[in-house]
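J.: Here is what each chain is made of, one letter per residue.
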Amino acid sequence: MIKITGVTKIYPTGTPALRHLNLHINAGEFVSIVGQSGTGKTTLVKMLIAEERPNKGTIEIGGWDITRINSNDVPYLRRQIGVVFQDFKLLPKRTVYENIAFALEVAGEHRRRIHQVVPQVLEIVNLAHKADSYPSQLSGGEQQRTAIARSLVHRPKIIVADEPTGNLDSINAAEIVSILKKINEFGTTIILVTHNREIVNHLRRRVITLHGGEIINDENEGKYKL
Amino acid sequence: MQSFLRVMKFAFQDLGRNFSLSFMTVFILVLMLLSVNTLWSLDVLTTEAVSAVKKQIDISIYFVPSATDKNVNEIKSYVGMFPEVTEIKLQSKEEVLALFREQHKLQIEALDALAELGTNPFGPTMIIKTKEPKDYKGIINALNVPEYKNLIEAKSFDNHEDAIERLQNITNRIEKIGFGLTVLFALISFLIIFNTIRVAINTQRVEISIKRLVGASNWFIRGPYLVESLLFTILSVGLTGLVVFLALRWIDPYLAVVLPSGFSLTNYFESNMLMLFGAQTLAVLLLTVASSGLAMRKQLRA
Chain L
1 MIKITGVTKI YPTGTPALRH LNLHINAGEF VSIVGQSGTG KTTLVKMLIA
51 EERPNKGTIE IGGWDITRIN SNDVPYLRRQ IGVVFQDFKL LPKRTVYENI
101 AFALEVAGEH RRRIHQVVPQ VLEIVNLAHK ADSYPSQLSG GEQQRTAIAR
151 SLVHRPKIIV ADEPTGNLDS INAAEIVSIL KKINEFGTTI ILVTHNREIV
201 NHLRRRVITL HGGEIINDEN EGKYKL
Chain B
1001 MQSFLRVMKF AFQDLGRNFS LSFMTVFILV LMLLSVNTLW SLDVLTTEAV
1051 SAVKKQIDIS IYFVPSATDK NVNEIKSYVG MFPEVTEIKL QSKEEVLALF
1101 REQHKLQIEA LDALAELGTN PFGPTMIIKT KEPKDYKGII NALNVPEYKN
1151 LIEAKSFDNH EDAIERLQNI TNRIEKIGFG LTVLFALISF LIIFNTIRVA
1201 INTQRVEISI KRLVGASNWF IRGPYLVESL LFTILSVGLT GLVVFLALRW
1251 IDPYLAVVLP SGFSLTNYFE SNMLMLFGAQ TLAVLLLTVA SSGLAMRKQL
1301 RA
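Chain order of the listed sequences is L and B. For the first sequence, position 66 (counting from the first letter as 1) is numbered 66 according to the working numbering, and the numbering increases by one without interruption. For the second sequence, position 49 (counting from the first letter as 1) is numbered 1049 according to the working numbering, and the numbering increases by one without interruption.
One or more hints might be untrue.
[To be verified] Okay, derived cross-link-like pairs now, DSSO-like style, lysine-lysine, Cα gap no bigger than 30 angstroms in a straight line:
1. L:K130 x B:K1131
2. L:K89 x L:K182
3. B:K1131 x L:K89
4. L:K223 x L:K3
5. B:K1155 x B:K1131
6. B:K1093 x B:K1105
7. L:K225 x L:K56
8. B:K1131 x B:K1076
9. B:K1093 x L:K93
[Stated by the list, open to error] Just some of the chain L residues that point at chain B, by a computed CB distance under 10 angstroms:
10. L23
11. A27
12. G62
13. G63
14. T67
15. I69
16. S151
17. V153
[Said to hold, decoys possible] Calculated from the model, a selection of chain L residues having no Cβ within reach of chain B, i.e. all distances over 10 angstroms:
18. N22
19. G57
20. S71
21. G108
Hint data in this document are derived by calculation from the structure and do not stem from the laboratory. For each residue, glycine too, the CB sits at the ideal point set by N, CA and C.
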């Protein structure tokens, strides 16, 4: 599904973010990527959605080399990868329903399909009753669930969650992870970038540990080892 | 189609959210277009005025009473050979006399003097018009030849050249000032539009990043700003058209007094509306699209 080969990323300031990274993630896997701040986790996420390009190496997603991706094709790539961020990235002047519908609107989806898909994804994240609420009226957990629902509207094969529990308490964090597990059960590959030890240890799934831009540990049923 | 309608919806939302800035942009564009239209009107008016003055200039050649039709026709053929001559009118002795009587009908003494003479003291008159007032000198010189000396009694030439030159000097100055104002307004408009779009993009930075995140195409991100440029153009040209036509309806009666030829600026604008407002729409569209394009290039670089 995702094949990262010899990827090196050095920022123009000279800071190396990733060094000779080799990684293979199979379809349907739930992978946690852990590491301290500045170890290259977010750079890896940015490269997976073609927001950054590596200086060396290749990244293939479903056989598509996205390191050579044409800028016109980037939107199509992003419709295939759902992304969830720590700061939710919701539009404050739009309701939960509108925030989710927005992802379909920008992709040119027909209104009928939007009315069909949005309630479905709201059901998955248990937010159907909050459809008309604004982000400011939601708890952190509910906002993150809205962001997850939005990431699901294009039925992506991969969801990349970059510190999705970073701003949440343990109960809400557990709820978010539970939703991600549920989505994973439908066959979607989940890449969870986190430094939440409790979550990683509780998941008992594959754990990749980054340190200094390199993979120092990769275990199929791993634990947080830093 | 669906995407296009959404792009339109987002463009209208942006305009509403940045209402004061949008208003200022349209206002400055209207000022710029008004200065262009004023300049245009002045140009049309001065051309019309100069042409009216030129039309009134002619040379009158007064022949001696003994001049025969043959003499007069010979001189008419000679003058007609000059390419700069546009019109030659002949007045017979009788017509000149009738004209004199008409013009002096209230001056009894003049008519009595004429009656005392018992004969027609006037010779035929030839009235010549040329393309340009400067051509008259050449015609007069051409008639100053010995063979015509005994046939021509007098030549009159009301020299309006000074008046025309003064009029043209004033016109040139007005045009220069108008051109300067137009350039100034164009520059201000460019900066304001550039800033409007930049502010709009800045305030929507989050929205833009989310659009990118969820896979919006570049066209979908840029589209609303281009539509905004189009809306600025339509609004400013439309408002300018309205102001111009209202102003012309107010000015026209005054012009009718100054320009006796019955010239109407409203008629001129109406008959050239497509060309005038088409050119202005195109120019403003280029200006707005270029400025918003520059702002987008700067803000959406990623």
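J.: Each hint should be assessed against the structure and marked as holding or not.
T.: Going down the list of hints, with the structure as the test:
1. Of the pairs offered as hints, the one joining L:K130 and B:K1131 is violated, with about 84 angstroms between alpha carbons and a cut-off of 30 angstroms exceeded.
2. A C-alpha spacing of about 22 angstroms is found between L:K89 and L:K182, which places the hinted pair at or below 30 angstroms, so the restraint holds.
3. Of the supplied pair hints, the one linking B:K1131 and L:K89 is violated, its CA atoms being roughly 75 angstroms apart against a limit of 30 angstroms.
4. A C-alpha spacing of about 23 angstroms is found between L:K223 and L:K3, which places the hinted pair at or below 30 angstroms, so the restraint holds.
5. Pair hint B:K1155 plus B:K1131 holds up; C-alpha atoms about 19 angstroms apart against a cutoff of 30 angstroms.
6. Between B:K1093 and B:K1105, the direct Cα distance comes to roughly 18 angstroms. Compliance with the 30 angstroms bound is thereby established for this hinted pair.
7. Between L:K225 and L:K56 the alpha-carbon distance is near 28 angstroms, which keeps this suggested pair within the 30 angstroms criterion.
8. Between B:K1131 and B:K1076 the alpha-carbon distance is near 17 angstroms, which keeps this suggested pair within the 30 angstroms criterion.
9. Of the supplied pair hints, the one linking B:K1093 and L:K93 is violated, its CA atoms being roughly 92 angstroms apart against a limit of 30 angstroms.
10. With its C-beta approaching chain B no nearer than about 23 angstroms, L:L23 sits outside the 10 angstroms limit, and its interface hint is violated.
11. For L:A27, the interface hint is violated, the least distance from its beta-carbon to any beta-carbon of chain B being 20 angstroms, above 10 angstroms.
12. Here the hint on L:G62 is broken, as its CB sits about 16 angstroms from the closest CB of chain B, past 10 angstroms.
13. The beta carbon of L:G63 comes no nearer than 19 angstroms to any beta carbon in chain B, farther than 10 angstroms, and the hint placing it at the interface is violated.
14. Hint status for L:T67 relative to chain B: violated, with the closest Cβ pair at about 17 angstroms, above 10 angstroms.
15. Evaluation of the L:I69 hint against chain B yields a violated restraint, the C-beta minimum of about 13 angstroms exceeding 10 angstroms.
16. Interface hint status for L:S151: upheld, as the beta-carbon distance to the closest one in chain B is roughly 8 angstroms, under 10 angstroms.
17. For L:V153, the interface hint holds, the least distance from its beta-carbon to any beta-carbon of chain B being 8 angstroms, beneath 10 angstroms.
18. Under the 10 angstroms C-beta cut-off, the non-interface status given to L:N22 relative to chain B holds; the minimum distance is some 27 angstroms.
19. Listed as a non-interface residue, L:G57 keeps its Cβ farther than 10 angstroms from every Cβ of chain B; the least gap is roughly 22 angstroms.
20. A beta-carbon of chain B comes within 10 angstroms of the beta-carbon of L:S71; the shortest separation is about 7 angstroms.
21. Non-interface call for L:G108 relative to chain B: violated, since the shortest CB-CB distance, roughly 4 angstroms, does not exceed 10 angstroms.
The earlier numbered hints that this structure contradicts are 1, 3, 9, 10, 11, 12, 13, 14, 15, 20 and 21.
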